[in-house]
Amino acid sequence: MSADLKFLVVDDFSTMRRIVKNFLNDLGYSNVVEADDGNTALPILKAGGIDFLVTDWNMPGMPGLELLKAVRADPAMAKMPVLLVTAEAKREQIIEAAQAGVNGYVVKPFTAQTLKEKIEKILSSKAA
Amino acid sequence: MPESRFSSRYLLLVAQLNSALAAADEKAFEEALDGVLRQRESGLLADVQRLSDSLLAALNRFRTDSRIVTLAEKEIPDARLRLDHVLEMTEKAAHRTLDLIEGAVPMADATVRRTVEIADTLDDHTHNEIRTFLAETRGNMEGIRGNLKEVMLTQGFQDLSGQILRSVRTLIGETETVLAELAALAGEAEGGKPPEAPSGTALEGPAVPGVTQGAVAGQSDVDDLIAGLGI
Numbered sequence: 001m002s003a004d005l006k007f008l009v010v011d012d013f014s015t016m017r018r019i020v021k022n023f024l025n026d027l028g029y030s031n032v033v034e035a036d037d038g039n040t041a042l043p044i045l046k047a048g049g050i051d052f053l054v055t056d057w058n059m060p061g062m063p064g065l066e067l068l069k070a071v072r073a074d075p076a077m078a079k080m081p082v083l084l085v086t087a088e089a090k091r092e093q094i095i096e097a098a099q100a101g102v103n104g105y106v107v108k109p110f111t112a113q114t115l116k117e118k119i120e121k122i123l124s125s126k127a128a
Numbered sequence: 129m130p131e132s133r134f135s136s137r138y139l140l141l142v143a144q145l146n147s148a149l150a151a152a153d154e155k156a157f158e159e160a161l162d163g164v165l166r167q168r169e170s171g172l173l174a175d176v177q178r179l180s181d182s183l184l185a186a187l188n189r190f191r192t193d194s195r196i197v198t199l200a201e202k203e204i205p206d207a208r209l210r211l212d213h214v215l216e217m218t219e220k221a222a223h224r225t226l227d228l229i230e231g232a233v234p235m236a237d238a239t240v241r242r243t244v245e246i247a248d249t250l251d252d253h254t255h256n257e258i259r260t261f262l263a264e265t266r267g268n269m270e271g272i273r274g275n276l277k278e279v280m281l282t283q284g285f286q287d288l289s290g291q292i293l294r295s296v297r298t299l300i301g302e303t304e305t306v307l308a309e310l311a312a313l314a315g316e317a318e319g320g321k322p323p324e325a326p327s328g329t330a331l332e333g334p335a336v337p338g339v340t341q342g343a344v345a346g347q348s349d350v351d352d353l354i355a356g357l358g359i
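Each protein sequence line maps, in turn, to chains E and G. So in the working numbering, spot 95 of the first sequence is number 95, and the numbers just go up one at a time. So the number in the working numbering is just where the residue sits in the second sequence, counting from 1, plus 128.
It is possible that part of the hints are untrue.
Said to hold, decoys possible - Short derived list, chain E residues pointing at chain G, Cβ under 8 Å:
{"hint": "1", "residue": "K21"}
{"hint": "2", "residue": "N31"}
{"hint": "3", "residue": "A98"}
{"hint": "4", "residue": "P109"}
{"hint": "5", "residue": "T114"}
As the list claims (entries may be wrong) - To give a feel for the contact side, a few chain E residues facing chain G, derived at Cβ under 7 Å:
{"hint": "6", "residue": "M16"}
{"hint": "7", "residue": "R18"}
{"hint": "8", "residue": "A87"}
{"hint": "9", "residue": "I94"}
{"hint": "10", "residue": "V107"}
As the list claims (entries may be wrong) - Below, in silico cross-link-like pairs of lysine to aspartate or glutamate (EDC-like), each with a Cα-Cα straight-line distance of 20 Å or less:
{"hint": "11", "chain 1": "E", "residue 1": "K21", "chain 2": "E", "residue 2": "D4"}
{"hint": "12", "chain 1": "E", "residue 1": "K116", "chain 2": "G", "residue 2": "E245"}
{"hint": "13", "chain 1": "E", "residue 1": "K116", "chain 2": "G", "residue 2": "E264"}
{"hint": "14", "chain 1": "E", "residue 1": "K21", "chain 2": "G", "residue 2": "D237"}
{"hint": "15", "chain 1": "G", "residue 1": "K277", "chain 2": "G", "residue 2": "D237"}
{"hint": "16", "chain 1": "E", "residue 1": "K21", "chain 2": "G", "residue 2": "D349"}
{"hint": "17", "chain 1": "G", "residue 1": "K220", "chain 2": "E", "residue 2": "D36"}
Think of the hints as simulated: they come from the structure by calculation, not from any bench. Glycine residues also receive a C-beta, built at the ideal position from the N, C-alpha and C atoms.
So here's chain E without its partners, still in its complex pose (with noise of 0.2 Å):
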């Protein structure tokens, strides 16, 4: 069922979004779309199907905390799973992220096995 999943990866860094989608194919998650800031994400979100977001933080135009804050105040995503993967680094930062209701949180540089883990942990808590 898994492998159905239909991810969004949102990077504003057109290498990072190829990374990521590359290493979500290996885990056998071939369905991933992609776009490069919350702005346009967001339409991508509303209109259905999407099963995981994966995000970056510091983006133009609309930065991936006010993406998350979008899809968590918004009913028919509210229960999206958010892997904010981002370079910003600071305590209070991640500490603002989980207040927001992000599901995991990957500092970049991260290894293949972080990802791994942290979309299957996610993916298991909301199993359960």
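Assemble the complex: chain E is given as a structure, and chain G must be docked to it using the hints.
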């Protein structure tokens, strides 16, 4: 002493005011009052003149200091463009590397599959050398595949270095705007560059050693913090 200068300036005028007031001589009082006001204005004018001279001297210094004008009109815009170029080059290089990896991984996968298929056709008692070779090839290909994936992950440097370059670029743009305004004020610049929009965000991107404060030490710190927050 300033106080004695102040006293000497006003002592006579105040005495004139007092005597005119005592004599109820309105005309003399008005004249003495005008004297007080003139005295006050002359001090103010001197201050304004001093300020004006200082400003003129500063502007003249600025006009003759062509280094600042050169910085505003040429070198800082050049630095901004050079950073843009670095961003573009690293992005292209990272994508080219990812193209090559995406091309090479399926080849490694196909070779692994083929070694298994061929090994399955060989009986267990003969072709020892070939079977050994196929097992080694499979192991090597899996190693190469793993390394290629690590190289792919390493291309994330383009995102991390790019974020730092972008923040420096924003700073340079703001400096450029300020210097262009100063140069225009001095009458030397032919109009400034359009103002660069400030970043409008407190997000700093990747932690820079010696610059960023309050950052966690690594993913394990993040995990501890997140776990402590009940997530």
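Okay, the hints, checked on the actual structure:
1. K21: At 10 Å from the nearest chain G Cβ, K21/E fails the 8 Å test, so the hint is violated.
2. N31: Violated, because the Cβ-Cβ distance from N31/E to chain G comes to roughly 18 Å (cut-off 8 Å).
3. A98: 4 Å, holds
4. P109: 5 Å, holds
5. T114: 6 Å, holds
6. M16: Interface hint status for M16/E: holds (4 Å vs cutoff 7 Å).
7. R18: 5 Å, holds
8. A87: Because about 4 Å separates A87/E from the closest Cβ in chain G, which is inside the 7 Å limit, the hint holds.
9. I94: 5 Å, holds
10. V107: Interface hint status for V107/E: holds (5 Å vs cutoff 7 Å).
11. K21/E <-> D4/E: Roughly 15 Å separates the two Cα atoms, so the pair holds.
12. K116/E <-> E245/G: Cα-Cα ~30 Å, so violated.
13. K116/E <-> E264/G: 28 Å, violated
14. K21/E <-> D237/G: 18 Å, holds
15. K277/G <-> D237/G: 12 Å, holds
16. K21/E <-> D349/G: Status violated; Cα separation ~26 Å.
17. K220/G <-> D36/E: With a Cα-Cα distance of about 17 Å, the restraint between K220/G and D36/E holds, given a limit of 20 Å.
In summary, the structure is inconsistent with hints 1, 2, 12, 13 and 16 from the numbered list given earlier, while agreeing with the others.
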